[in-house]
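A.B. asks: Work out the full structure: start from the sequences and follow the hints.
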Amino acid sequence: MTWDQGLHKATTVLTGEQGTRELTYLEAIRAALRYEMQRDRRVLIMGEDIGVYGGAFKVTQGLIEEFGEDRVIDTPMTELAMLYAAIGMSFEGFLPVVEMQFADFISTGFDAIVQFAATNHFRWRQPVPITVRAPGGGGLRAGPFHSQSNEAWFVHTPGLKVVAPATPADAYGLLLSAIRDPNPVIYYETKYLYRSLKGMVPEGDAPVPIGQAALRRSGEELSIIAYGAMVQEALNAATELEREGHSVEVLDLRSLKPLDEAAILATARKTGKVLIVHEANRTCGVGGEVAAIIAERAFEYLDGPITRLAAPDTPVPYSPPLEDAYRPNAAKILAVARELLAY
Amino acid sequence: MKEIDDDLLQQAHYWMRLTRALDDRGTFLHKQSKIVGGYFSQIGHEALSVAAALNLGPGDIIAPMHRDLGAYLVRGLTPRRILAQWLGRETGVTRGRDANLHGMGDLSLGIIGFISHLPASTGVIAGVAHGIKLKGEPRVAMCFFGDGSASQGLAHEAMNWASVFKLPMVIICENNQYAYSTPLSRQMAIEHIAQRAAGYNMPGVIVDGNDFGAVYLAVKEAVARARAGGGPTFIECKTMRMRGHAIHDNMAYVPKELLLEWEARDPIMRIETELRARGLLDDEKLAALLARIEAELDEAQAFAEASPYPDPATVTDGVYA
Chain A
1 MTWDQGLHKA TTVLTGEQGT RELTYLEAIR AALRYEMQRD RRVLIMGEDI GVYGGAFKVT
61 QGLIEEFGED RVIDTPMTEL AMLYAAIGMS FEGFLPVVEM QFADFISTGF DAIVQFAATN
121 HFRWRQPVPI TVRAPGGGGL RAGPFHSQSN EAWFVHTPGL KVVAPATPAD AYGLLLSAIR
181 DPNPVIYYET KYLYRSLKGM VPEGDAPVPI GQAALRRSGE ELSIIAYGAM VQEALNAATE
241 LEREGHSVEV LDLRSLKPLD EAAILATARK TGKVLIVHEA NRTCGVGGEV AAIIAERAFE
301 YLDGPITRLA APDTPVPYSP PLEDAYRPNA AKILAVAREL LAY
Chain B
1 MKEIDDDLLQ QAHYWMRLTR ALDDRGTFLH KQSKIVGGYF SQIGHEALSV AAALNLGPGD
61 IIAPMHRDLG AYLVRGLTPR RILAQWLGRE TGVTRGRDAN LHGMGDLSLG IIGFISHLPA
121 STGVIAGVAH GIKLKGEPRV AMCFFGDGSA SQGLAHEAMN WASVFKLPMV IICENNQYAY
181 STPLSRQMAI EHIAQRAAGY NMPGVIVDGN DFGAVYLAVK EAVARARAGG GPTFIECKTM
241 RMRGHAIHDN MAYVPKELLL EWEARDPIMR IETELRARGL LDDEKLAALL ARIEAELDEA
301 QAFAEASPYP DPATVTDGVY A
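Note that the protein sequences, when read in sequence, are chains A and B. With the working numbering as the guide, the letters of the first sequence map in order to residues 1 to 343. With the working numbering as the guide, the letters of the second sequence map in order to residues 1 to 321.
Some hints could be false.
Taking lysine to any residue pairs in the SDA-like style, the calculated list, with each CA pair at most 25 angstroms apart, reads [unchecked claim]:
| # | chain 1 | residue 1 | chain 2 | residue 2 |
| --- | --- | --- | --- | --- |
| 1 | B | Lys-135 | A | Gly-62 |
| 2 | A | Lys-58 | A | Gln-126 |
| 3 | B | Lys-135 | A | Gln-126 |
| 4 | A | Lys-270 | A | Ala-295 |
| 5 | B | Lys-34 | B | Leu-297 |
| 6 | B | Lys-166 | A | Ala-295 |
| 7 | B | Lys-166 | A | Asn-281 |
| 8 | B | Lys-166 | A | Asp-49 |
| 9 | B | Lys-166 | A | Arg-42 |
| 10 | B | Lys-135 | A | Glu-69 |
| 11 | B | Lys-166 | A | Lys-332 |
| 12 | B | Lys-31 | B | Ser-108 |
| 13 | A | Lys-270 | A | Glu-296 |
| 14 | A | Lys-270 | A | Val-336 |
| 15 | B | Lys-166 | B | Arg-225 |
| 16 | B | Lys-220 | B | Gly-136 |
| 17 | B | Lys-285 | B | Pro-308 |
| 18 | B | Lys-135 | A | Arg-42 |
Treat the hints as calculated values from the structure; they're not laboratory data.
C.D. replies: Shown next as structure tokens:
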């Protein structure tokens, strides 16, 4: 039994995805790790409890048996030394993928990412090709320290790339790209989707380029811009709005740094009304940056206020009524979207 | 120093004198406002940085800090590139992106550029050593940090990591008595930082950091152990920071007697006493060596001063690989 098992009786199965096999979001991450480790001997993975135990969520289950303990490294409980060690290994030609057991724990390794890895190429032109897997997000009743969506810390940091896949196909393709990227990439995987979302996933070499958003649904009256777990919520809201007679577009950012400014501006200019949704709290979140891009460069196309729906500026609460009040979902998106459509 | 042969001693003497001369020049250029920002004195650290680096071969990797100018020079970083770095020029090691000795990395010379958060080097070098071990190569990785860094969690996490994975790593701790204005008594409740090595089941060695021979031999043993698969070693070099934290700091907080005590143990004076005793050095030879070094540095400074500043239009270049 792992953290999120049993919480999701219903599994959403995506349709229309390109691929050859149906995988859960979690299986897609594991498939990407396996594929890259088979393809490139420089790739190794490190983390707490990831080897013999298979990981807190079992993402890495079976990999130590297949690749051995030199390439699937169970580490002491030290995110900081682990991330610094990954940087050092990259200088020896390795491509380390480091698992933070929960995105929340990345804070104890913060220096390694934002002070060393992010600045290194700028300072002395030595790339730091490491990937940091950060299982983030709430909805699992896991409380303030196992539910965080702290991606904004890294989106603010020059020298990093940050991705947040919303589908199994992207979980696969973006992880391939993250591992191959010569820069440090923070890969935010959504725990909520691990077993609750299934979809077709390509086999083999199918990287998804970092920096490209995906239009998940085309519409005319309103654009909902989201990422991670909020993409499914936005799509569910859009389906309901369609029943109410509205045509709504959903843009999945996929890459938070760099942002796909062209796609953001294109959808804003097309519909003239924008609702930005994220699970992270509001202040200085990714939504603020997206709103600013639109305000600066698509102002004359707007027919309503650029609107953000985010979590409130509080720690993530544990008790179900509190967490439900905290976390955006399809119902909350619907309510805000209706107001914006009527504006 | 008796165990060190003549050739090595003369070699070390050159590097230590070059280090001090380049450092003197840095101080002078800072007073002329040609070097801006901070500047960190090397005085007192010449023996240990040169001795540590002279133990390494071409494939080894080091992460020196801001008082290890000698180590950078021994590894092959030229005074030209170093002076251009200090003057903020495009031809400097970081092309004007990083300051003074910070970030002077060049993996082709086996040097990692440090960040101000000095214990970072312990973690990065643990990773380098880990990579070397995974490849099964007989190379070693060496990091440098000080008494202040010894209070930081990462230094301990990295030592633990190195020990758990039995990595080919040598840890040089430069105990120079003060971290900025903070004395050892406020940094730790133990007498020797090396006592902590026992907590990681790693040999902890204490040496006189101003004695070239003592440091050289201690590092030699540690490097041999690392190459042979014997794991990491912690070497505490006792020394004294003879100037302020950076050039702006008059270090009024340091007792005068302490400075006098360490002045009498100046590492260059000691190696020269030994060289004179062996008949390898006299006033004339020393004058000739210093003249040769000054000529080398004059040429390097001319190169640096003739080098262009970075083009402001390139300010965003290099953030990403």
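A.B. asks: Determine for every hint whether it applies to the structure shown.
C.D. replies: Checked hints:
Restraint check: the Cα-Cα separation between Lys-135/B and Gly-62/A comes to about 23 angstroms, which is no more than 25 angstroms; the hinted pair holds. Distance restraint check for Lys-58/A and Gln-126/A: the Cα-Cα separation of roughly 34 angstroms exceeds the 25 angstroms cut-off, and the hinted pair is therefore not satisfied. The straight-line distance between the Cα atoms of Lys-135/B and Gln-126/A is roughly 20 angstroms, inside the 25 angstroms bound, and the hint therefore holds. Restraint check: the Cα-Cα separation between Lys-270/A and Ala-295/A comes to about 14 angstroms, which is no more than 25 angstroms; the hinted pair holds.
Only pairs whose Cα atoms come within 25 angstroms are accepted, and Lys-34/B paired with Leu-297/B is accepted, the gap being roughly 16 angstroms. At roughly 55 angstroms between alpha-carbon atoms, Lys-166/B and Ala-295/A are farther apart than 25 angstroms, so this suggested pair is violated. Distance hint between Lys-166/B and Asn-281/A is unfulfilled; the C-alpha atoms sit about 43 angstroms from each other, more than 25 angstroms. Taking the CA atoms of Lys-166/B and Asp-49/A, the gap is near 20 angstroms; set against the 25 angstroms cutoff, the hint holds.
Of the supplied pair hints, the one linking Lys-166/B and Arg-42/A holds, its CA atoms being roughly 21 angstroms apart against a limit of 25 angstroms. As the CA atoms of Lys-135/B and Glu-69/A are separated by approximately 14 angstroms, the hinted pair is consistent with the 25 angstroms bound. A threshold of 25 angstroms between alpha carbons decides the hint, and for Lys-166/B with Lys-332/A the separation of about 53 angstroms lies outside it, so the pair is violated. Our distance criterion of 25 angstroms between C-alpha atoms is broken by Lys-31/B and Ser-108/B, whose separation comes to about 33 angstroms.
For the proposed pair Lys-270/A and Glu-296/A, the alpha carbon gap of about 16 angstroms is at most 25 angstroms, so the pair holds. Using a Cα cut-off of 25 angstroms, the hinted pair Lys-270/A and Val-336/A holds, with the two alpha carbons roughly 19 angstroms apart. Simply put, Lys-166/B and Arg-225/B have alpha-carbon atoms about 11 angstroms apart, close enough for the 25 angstroms limit, and the pair holds. Of the supplied pair hints, the one linking Lys-220/B and Gly-136/B holds, its CA atoms being roughly 20 angstroms apart against a limit of 25 angstroms.
Using a Cα cut-off of 25 angstroms, the hinted pair Lys-285/B and Pro-308/B is violated, with the two alpha carbons roughly 37 angstroms apart. Distance hint between Lys-135/B and Arg-42/A is fulfilled; the C-alpha atoms sit about 10 angstroms from each other, no more than 25 angstroms.
Going through the hint list in order, the structure does not satisfy hints 2, 6, 7, 11, 12 and 17.
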